[in-house]
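K.L.:
Sequence:
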Amino acid sequence: AVLHLAAEIYTDAFKFCRITRRTVIRAADLETWMSIIEAIAFGGTVASMFMLHIANPEFPLWVVLVVEHAVIVVKCYLGWSIADIPEDVTARKIRNSMTEQSKRLRKRAEAAET
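Add 304 to the 1-based position in the sequence shown for the numbering used here, that's all there is to it.
Just so you know, the hints here were simulated from the structure itself, not pulled from any lab data. Be aware that a few hints might be false.
Here are the in silico distance ranges between beta carbons for each label pair [unchecked claim]:
hint: 1; residue 1: Ile-344; residue 2: Ile-386; range: 12 to 22 Å
hint: 2; residue 1: Ser-406; residue 2: Ala-343; range: 39 to 49 Å
hint: 3; residue 1: Ile-340; residue 2: Phe-320; range: 34 to 44 Å
hint: 4; residue 1: Met-338; residue 2: Lys-397; range: 46 to 56 Å
hint: 5; residue 1: Leu-409; residue 2: Asp-316; range: 26 to 36 Å
hint: 6; residue 1: Val-371; residue 2: Gln-405; range: 49 to 59 Å
hint: 7; residue 1: Ile-389; residue 2: Ile-323; range: 30 to 40 Å
hint: 8; residue 1: Ala-305; residue 2: Val-371; range: 41 to 51 Å
hint: 9; residue 1: Met-355; residue 2: Gln-405; range: 49 to 59 Å
hint: 10; residue 1: Lys-407; residue 2: Glu-312; range: 15 to 25 Å
Beta carbons are placed, not taken as given, at the ideal position from N, Cα and C, and that holds for glycine.
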């Protein structure tokens, strides 16, 4: 049994490291992944508070529920207050789009002059 387990660990490690390829994340899939990660974080918070209550029954259930809701509120506040796209990236995108617009306008003006 130990030999079988060692062989299985070796072959699984080989498959994981050498054969399996990483998934390519496209920009359109990022919102889906963010939703999945947020759901996992929410479920992890609920599960952690449930395990806290099971491990320490001297904590009343209402205290555990209040702490759970407080953690969820803090998580939601941080998700709301921290921008998904940093300000410098947004400013760079605006600057690039304005530069592209001005180039197009110059080309149109040059084409109209000729």
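K.L.:
Which numbered hints turn out to be false for this structure?
P.N.:
Violated: hints 3, 4, 5, 10.
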